[in-house]
Amino acid sequence: MRNPQLNAHGELQHLLTIEGLPREVIVHILDTAGSFVGITERDVKKVPILRGKSVFNLFFENSTRTRTTFEIAAKRLSADVINLNINTSSAAKGESLLDTIDNLSAMHADMFVVRHASSGAPHLIARHVEGHPHLHVVNAGDGRHAHPTQGLLDLYTLRHYKQDFTRLSVAVVGDVLHSRVARSLIHGLTTMGTPDVRVVGPKTLLPEGVEKLGVRVFHDMNEGMKGCDAIVMLRLQNERMKGPLLPSAQEFFKSYGLTAEKLALAKPDAIVMHPGPMNRGVEIDSAVADGPRSVILPQVTFGIAVRMAVMAILAGN
Amino acid sequence: MRNPQLNAHGELQHLLTIEGLPREVIVHILDTAGSFVGITERDVKKVPILRGKSVFNLFFENSTRTRTTFEIAAKRLSADVINLNINTSSAAKGESLLDTIDNLSAMHADMFVVRHASSGAPHLIARHVEGHPHLHVVNAGDGRHAHPTQGLLDLYTLRHYKQDFTRLSVAVVGDVLHSRVARSLIHGLTTMGTPDVRVVGPKTLLPEGVEKLGVRVFHDMNEGMKGCDAIVMLRLQNERMKGPLLPSAQEFFKSYGLTAEKLALAKPDAIVMHPGPMNRGVEIDSAVADGPRSVILPQVTFGIAVRMAVMAILAGN
Amino acid sequence: MRNPQLNAHGELQHLLTIEGLPREVIVHILDTAGSFVGITERDVKKVPILRGKSVFNLFFENSTRTRTTFEIAAKRLSADVINLNINTSSAAKGESLLDTIDNLSAMHADMFVVRHASSGAPHLIARHVEGHPHLHVVNAGDGRHAHPTQGLLDLYTLRHYKQDFTRLSVAVVGDVLHSRVARSLIHGLTTMGTPDVRVVGPKTLLPEGVEKLGVRVFHDMNEGMKGCDAIVMLRLQNERMKGPLLPSAQEFFKSYGLTAEKLALAKPDAIVMHPGPMNRGVEIDSAVADGPRSVILPQVTFGIAVRMAVMAILAGN
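Protein chains in written order, with our numbering: chain A, 1 to 317; chain B, 1001 to 1317; chain C, 2001 to 2317.
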């Protein structure tokens, strides 16, 4: 079966998930992003690569933050951007997802950036638009499944600070069970040949059989920190904090919150990452979040460049 | 009394309704739309016709779908587009419709695209801005009154597939009573000289005295289909389905839903149209909606070109 | 202590409040606005001054009207504009104001236009982004504190119609207590050397010790009107009308509503201003609002030019 993300020439047709994405495609995206980092620092932050293209932000699940990053990226590429929050519109009128997609395709859309609460929705859309070779789908987060641009910006950040994936120890800490960010990053790290990927968290927040993804499991965070080059803290969703899986946010912080003390167990030059938005005092201490080893804000900067790269590559294929 | 849609030279000043629009104005819009169809298929879908113009989408009634079509059309003409959902803003602060209009006019707006639940609101606005000859109003749907760009795209579609209006039989089926789409199309068809326009539906969903519009009335859909060149299915609003006018959605489908069986009564090359969004299984069967005689998605494509044409013509007058 | 609005060269770095703004900075803004008035009347209302810049409208408090004026101004300067209504997004996810700001700064934002229900929020943001010299903050209204672009457009309007501030009598009438518009205008008028600034209203709607701002207090509106060159009517917020501070909207209108009768007490060429949106029949009679001495709509026009001027000056510094 052909990889639904690649076209007949093996080039990126859609970005749906990092799982199964060839190593050279990932490297191409990271390299291209590198050239866009320069552009976002210029006085005139605009290139004409997507001029006259129509990019639709289809957010079936509300997320101003993620929508903003894609909107900026597309506008800096000179695209026309249309924002659609679909929960309040056609969906309310009872139109099906695929009828909405057919309609927008008929308007000669060039790209759909899709956020959806259901895992697999972007795949469904990509399969549905197969007859439109100039139409590209970017997954901006689907259910618990994948968040590939976040995974790619995490990879970009790691490469920027640590260069060689094949010598790294990376710990992913917290609510791995509900995290599409974690899943995308783990697939990216293993594809790039990272020898030591760890997941750290309580049993109730780690997926069953997570070891099959090629990671080592730690329930004791102190153990999990030892010798790490990078620590990726995950957001603990507010709704989990009140749920039956956890005793309390305070208890969680004691065991799995990243403090200066726990960070001291990692390598001296270890970097600290977080996809945002942070719960300060829940999964991360402010002293660490704002400390010298935090690269949380550079992640945001690289995120724009990575999204520009993905869009530019798709539009060129 | 002068036609409020035309300026002193008989050119289009506003697009408020198809009723009373001269045949040559309609033909000019359709011809212009034809040239824009080509542009929307190009790699760079952008022309500078509205560069530096400010287009305001004034949606007093929510409609992401229609707003999107105007937003794309305006952006592909290089306009600056400002979206205003007015129910949640000034209206909440108690400002009157005409004070809002005065304000936006004072900001040197060039075009208002108006959607309003009250019939006549766009006319009211057009009359109010008479002192601003460079300001144009486009009706994007007002109450049960008119939806002229939808009517024009329906005409474009009919001309595209059937060429000559003066030889056509067109059936408009379903909830004609509440449909501004139906009203606009019927006026357009009679203006273009269509000899046989039919409305098909139960008594409770046809306006009293609809024959005066120059149409033939059918309560039996099988009769209404016979020999038709085109069938325009209307959306049955969800709120009607539960109302006292109809027994049930299932019953409605049995009598007035378009199935392959009923479609077989029309001419063999008859086309099937629908303004969207569709209620599959209520007014139209999926086999027909997605079948070889459906031109529902081309209607959407032509709709962008028609809206670009209307805006370009207005801005030039 | 250095003025937080000015950079090391004494140039405008942020626009937070008119209080303490040097006279020559105000004059420079008004002069620059004058040149933009011409542009907004041109056929192509667009200049490339902010091309490739990212302007974020950060509205923590909903205001379509004000947001629209900034959005138009920024688009006519060719900026990329991103609208964020923050109450419904990150804030809901529990992210702090300053984390949001850090994030957007990391995306290489160039300008934040901030509206916030809390007085001082724009100052807090300006202080927080001190490390980003290319990032500018514009206060679009904070609590009861300031609304400097409104104050500046009021000054522009006064200068346009009356030329010399040093000979003027200006009355500010109504709910001064809750009005950031009044506060900004009063500071602007005193800075520009206006010898006679009056506040007119009931005790319950005037701030205690308002005389210290250099104004004269009138509780009798007839007295306050005598010999005025300009009358600035303030909006009476709907929530006040039902509150304990006022007997009723009708009573208020009798005492403090601007009627033709009361206006006749001012100078024969006095102008009438209002920041909008108006409560007709509460603080102002329609005959006056729409009468020959009203400059309420020119205020709106000048408001776009003033906002363009502020943004252009900030981006150039």
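Calculated from the structure, these hints are not laboratory results. Computed from a predicted model, the values in this text were never measured in an experiment. Even for Gly, the Cβ is constructed at its ideal location relative to N, Cα and C. One thing to keep in mind: the hints can contain errors.
Said to hold, decoys possible - SDA-like cross-link-like pairs, simulated, lysine to any residue; straight-line CA separation at most 25 Å:
#1 C/K2046 x B/S1096
#2 C/K2046 x B/N1087
#3 C/K2046 x B/P1048
#4 C/K2046 x B/S1105
#5 B/K1046 x A/A249
#6 C/K2242 x B/A1312
#7 B/K1226 x B/R1293
#8 A/K212 x A/H123
#9 C/K2046 x B/S1078
#10 B/K1046 x A/K162
#11 C/K2046 x B/I1049
#12 A/K254 x C/G2143
#13 C/K2046 x B/R1293
#14 A/K262 x A/A287
#15 C/K2162 x B/A1106
#16 A/K162 x A/K226
#17 C/K2046 x A/P48
#18 A/K46 x C/I2313
#19 A/K46 x B/R1293
#20 C/K2046 x A/N83
#21 A/K46 x B/P1048
#22 B/K1046 x C/R2042
#23 A/K46 x B/S1105
To be verified - Simulated coverage check for chain B against chain A, where a stretch passes if three residues somewhere in it have a Cβ under 8 Å from a Cβ of chain A:
#24 1069-1083
#25 1117-1128
#26 1156-1169
To be verified - According to the in silico footprint, chain B covers these stretches of chain A (three or more CB under 8 Å from chain B):
#27 49-57
#28 106-116
Going through the hints against the structure:
Between C/K2046 and B/S1096 the CA atoms are separated by roughly 30 Å; this puts the pair beyond 25 Å, and the hint is violated. With a CA separation close to 29 Å, the supplied pair C/K2046 and B/N1087 exceeds the 25 Å bound. Of the pairs offered as hints, the one joining C/K2046 and B/P1048 holds, with about 12 Å between alpha carbons and a cut-off of 25 Å not exceeded. Among the hinted pairs, C/K2046 with B/S1105 is consistent with the structure: their alpha-carbon atoms are about 17 Å apart, no more than 25 Å.
Pair hint B/K1046 plus A/A249 does not hold up; C-alpha atoms about 52 Å apart against a cutoff of 25 Å. Taking the CA atoms of C/K2242 and B/A1312, the gap is about 48 Å. The hint is violated against a cut of 25 Å. For a cut-off of 25 Å, the pair hint linking B/K1226 to B/R1293 stands: about 16 Å separates their Cα positions. With a C-alpha separation of about 23 Å, the suggested pairing of A/K212 with A/H123 holds against the 25 Å cut-off.
Taken as a hint, the C/K2046 and B/S1078 pair is honoured in the structure, with Cα atoms around 11 Å apart against an allowance of 25 Å. Among the hinted pairs, B/K1046 with A/K162 is inconsistent with the structure: their alpha-carbon atoms are about 43 Å apart, more than 25 Å. Restraint check for C/K2046 and B/I1049: the C-alpha separation of about 13 Å stays at or below 25 Å, so the hint holds. Our distance criterion of 25 Å between C-alpha atoms is broken by A/K254 and C/G2143, whose separation comes to about 39 Å.
Restraint check for C/K2046 and B/R1293: not satisfied, since their Cα atoms lie roughly 46 Å apart, outside the 25 Å limit. Distance check on the hinted pair: A/K262 and A/A287 sit about 12 Å apart at the alpha-carbon level, within 25 Å; holds. Distance restraint check for C/K2162 and B/A1106: the Cα-Cα separation of roughly 21 Å lies within the 25 Å cut-off, and the hinted pair is therefore satisfied. A threshold of 25 Å between alpha carbons decides the hint, and for A/K162 with A/K226 the separation of about 17 Å falls inside it, so the pair holds.
A distance of roughly 18 Å separates the Cα atoms of C/K2046 and A/P48; the hinted pair therefore holds under the 25 Å criterion. Taken as a hint, the A/K46 and C/I2313 pair is honoured in the structure, with Cα atoms around 21 Å apart against an allowance of 25 Å. With a C-alpha separation of about 44 Å, the suggested pairing of A/K46 with B/R1293 is violated against the 25 Å cut-off. The hinted pair formed by C/K2046 and A/N83 meets the criterion: a straight-line CA distance of about 23 Å does not exceed 25 Å.
Between A/K46 and B/P1048 the alpha-carbon distance is near 18 Å, which keeps this suggested pair within the 25 Å criterion. Restraint check: the Cα-Cα separation between B/K1046 and C/R2042 comes to about 22 Å, which is no more than 25 Å; the hinted pair holds. The hinted pair formed by A/K46 and B/S1105 fails the criterion: a straight-line CA distance of about 31 Å is larger than 25 Å. Given as covered by chain A, the segment 1069-1083 of chain B passes the check, having 5 residues with a CB less than 8 Å from a CB of that chain where 3 are the minimum.
Beta-carbon proximity to chain A at under 8 Å applies to 0 residues in the segment 1117-1128 of chain B; the threshold of 3 is not reached and the given coverage is violated. Evaluation of the coverage hint for the segment 1156-1169 of chain B: breached, as 0 residues show C-beta separations to chain A shorter than 8 Å, against a requirement of three. Three residues within the 8 Å Cβ limit are the bar, and the segment 49-57 of chain A against chain B gives 4, so the coverage statement holds. Requiring three or more residues with a Cβ within less than 8 Å of a Cβ of chain B, the coverage given for the segment 106-116 of chain A holds, as 3 such residues are present.
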